[in-house]
Amino acid sequence: MSAVLEGRAEGPTLRQRLAARGIDGATLLVLPCVALILGLFIYPFLYGLMLSFEPKDGSLFGNYARFFSDPFLYGTIFKTLRLAFPVTLLNLLIAIPIAFRVRLMRRQRLLTTLLVLPITLGTVLVAEGMLFYFGPQGWFNRALMAVGLLSTPISVLNGYWGVFISLVLTGFPFTFLLTLSYVTGIDPSLENAAATLGAGPAARFREVFLPLLIPGLAITFCLSFVQAYSVLPSAVLVGDPAGATRVISIAAYQAAFEEYDYSMASAIAMIMGAVQLLVVVAVLGCRSLFYRGPAAGAKG
Amino acid sequence: MQKSIMSRLWVFAVWAVIGLFLINLLGLIASVVTSSVATRWLGTWLPAGFTTRWYFAAWDEFQLGDVLWVTFQAVGAVVLLSGLLGVPAAYALARREFPAKRAVMLLLLLPLLVPPITYGIPLATVLYKAGLGGTLTGVILANLVPTVPFVVLVMIPFIEQIDPRTEAAARVFGANIFQMFVHVLVPMLMPGVLAALLLVLVRTIGMFELTFLVSGPGSQTLVVALYYAVFASGVRAVQSIDAMAVIYMVTTLVWLIVALRFVNPTQIVGRGKRPAA
Amino acid sequence: MTVGATTFKQLHLQGVRREFDAFTALKGLDLTIERGEFIALLGPSGCGKTTALNCIAGLLPVSGGRIMLDDRRVDVLRPEERGFGMVFQNYALFPHMTVRKNIGFGLRMRGVPKPELEKRVDAALAAVRLESQAEKLPGQLSGGQQQRVAIARAIVVEPPLVLMDEPLSNLDAKLRLEMRQEIRRIHQSLGSTTIYVTHDQEEALSLADRIVVLRDGAIRQVGTPAELYALPAHLDVADFMGFRNRVNGELVGMEGEDALLNIEGTVIRGRMRAASAGKAAVAAIRPDDLEPTGTDSGIPVRVEAVEYRGRGFHGVGVTASGTELHFASPYPLQRGAAVRLGADAGRVLVFGDAR
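Residue numbers (the numbering used here), protein chains in the order written: chain A, 19 to 318; chain B, 3 to 279; chain C, 998 to 1352.
Everything labelled a hint here was simulated from the structure, so no lab data went into it. It is possible that part of the hints are untrue.
[Unchecked claim] Among chain A residues calculated to face chain C with C-beta under 7 Å, some are: (1) Ser77; (2) Thr202; (3) Gly203; (4) Leu208; (5) Asn210; (6) Ala211; (7) Gly216; (8) Ala217; (9) Pro229; (10) Leu230.
Backbone N, C-alpha and C define an ideal beta-carbon position, used for all residues, glycine too.
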């Protein structure tokens, strides 16, 4: 260090040594961004974690003990999973065949634009629209009755199915667009090669597409699941926030902003994050059993 | 190349699902719009008459002037700050190899993978502790958490495709890093920056959870105000809530249409394969 | 599932057409291919050669015409029902399967029992000399090795017809030469019929029994490499076969098969290849066949540039009217020197304007 300061001829300067490791003025540009994430994401997370161990009753695990002993609280995990799992699975199962069809279209943009609408509009607006559209006097029930499929209006609102539908409406486009980007990432000549070698449509999907898609589909599943799992507005607006759709985010919100028990709210948020993490790790763990290289066909 | 009946049926089924989805989606949007201009709409296919008065009612009842101004300020600040913080960071990550690079990348991915409601509650707690809860500053800070990493991740591939020799040339001709940025990189990156920032704009207008958790009475954006209006429905006429919803829709869609001129719809989901050049 | 024949006598293309919206990529191809032939489809990019191959493979539906194997119609079959083998330009190896799995794929799809499958895959691996790489993934192989896997995968099912779409275009020059011999050797040892698409006339000349030259979606000429090399029937084909010099002239007479062409005041003798309605015609000459005459006959040019080419010299001269001529010279020439160039009558091709 002193050698640098005295500016002796031998040896590179500190600046040169740092630059050799890839650190120079340009590298420092990353610092403000890192500071922001550390300050507004990592620190609050750690703070919340600490806070969750300082409950009102003074014991270390008081919040967690309370959560897992009160069915009104721990039940929210299963209520959330009961919504998020089927919705995510359904979205993915519909998205795959549609993505395979849309892949062949030359004018995908109109469709993808239409599908982006619910993502952009967001869950609040979709829930708001559902209140009328799926209501007893709404166009949905009217149309079904006019066709003769229904004799009396069905009520999907204020319950499990209301939230389910809202999650499909906002979640499907997300799942679909991600799936589409993975499907179109597969080199079409692989399919041609399989076809000339005698593989029919089903065999081509099973032997070529599916193994190449699994990694992408696993990521799509995780991202879609995590979105569905943290549902809040629609669970309140078109669900039954005190009963069937009392999801875990409602419990966290109530703890924080109705009971002003930030310690408990943090604990619930940590549990919510932990459950999400468990599912993600499990899904990605299965993924590692499959091939995980480029899907564009090997090139030398 | 004759198609079997099975494959025809399959194609039909696929299109039927797409059609069903789109019909319900558009029906839903259309009923909001129709309701917002309806005089009275009970038990019929179409309302009894049409009027624009609900828009004026909504404007006054919900103080939409204030709400729109807050939304404008919050979104503007978020877009500007995420550009200023995100683009230089993306440059460093695209061009330099340094020891902690993988850790930094992971750090930036986390806020995009963890849903806002999960980190929003601890974040709101900290902001309230710091006295920023319920303020416009708090709303802006909270919204930066997902948008800055988003800008970085969209910009990295865009910067990587620019030939590094252009920058080398600028340096050789005597420009320092700052001059090189302003005179060489920014003009070349403009299309990508524009695309990334428009996506941030669209996403921030629609960002409910974070804003909901940190905003207070004077710092609600349009989505949050809409949520409270729907939540407390029964107090106000349905049509004026719908009118507000339409105003929200228009603000979002205008920017969406602008954004779609520069980006691919799939990029709104966040996995831009290739930035639109 | 495979109904494609294991053997056939002739493959017929009858007026095969293919349209993409308003663009016609193939304007009705008529061609008969004998069993065991090695056919090269040669042409510049965009001439329709890959489209033709894809139509034969069934990857593109034909817009008109028929493809027949003897008297069975195959253009109505799906690609997986035709039973042909195909080697793709980018190899299209399945990245998630080992070399062994890749090669065995076609056999597995045909329901070949496991012991026989293994035996045949081993034989194919030996044929392309990749026994030691069998358990690797394609991503771990070099370009040439991937190419050999692609070939092995196509031939292991013993298809009656092997289709190759520019298989060597992604390889470097040295590897290309090696693989060329390899492809020829495999073709001969299997006795299969091969249709090979390329834009490289050298590749076509060295590999094929017959060459089909395509241009703008139509067949220009079909012939053996020797026929095409010596006597292209069309100016485009001549262009492709290395007749780099094209000189405009005026027909002044015929002497038997030979045409007399007046080029800027000098009369040149050449083989008439395509009739002319009027007097205008074009002479096509390979640079190697055009030499300084050393006499006062021949086309006068001023030497623009001379390059040393090992065995001799390559010169560029300009005629009085500004036409550039490339020629060979056994001795060096000064830049700016005036020389006269001539060629054997048998090496000069004269094409009329009625092409």
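Verification of the supplied hints:
1. Ser77: With a minimum Cβ separation of about 52 Å from chain C (threshold 7 Å), the hint on Ser77 of chain A is violated.
2. Thr202: 16 Å, violated
3. Gly203: 12 Å, violated
4. Leu208: Cβ of Leu208 of chain A sits 5 Å from chain C, so the hint holds.
5. Asn210: Since chain C brings a Cβ to about 5 Å from Asn210 of chain A, closer than 7 Å, the hint holds.
6. Ala211: Holds: closest Cβ of chain C sits about 4 Å from Ala211 of chain A, inside 7 Å.
7. Gly216: For Gly216 of chain A, the interface hint holds, since the closest Cβ of chain C sits about 4 Å away, which is under 7 Å.
8. Ala217: With a minimum Cβ separation of about 5 Å from chain C (threshold 7 Å), the hint on Ala217 of chain A holds.
9. Pro229: At about 5 Å, which falls below the 7 Å cut-off, the nearest Cβ of chain C leaves the hint on Pro229 of chain A intact, so it holds.
10. Leu230: Cβ of Leu230 of chain A sits 6 Å from chain C, so the hint holds.
Comparing the model with each earlier hint shows violations of hints 1, 2, 3; every other hint is respected.
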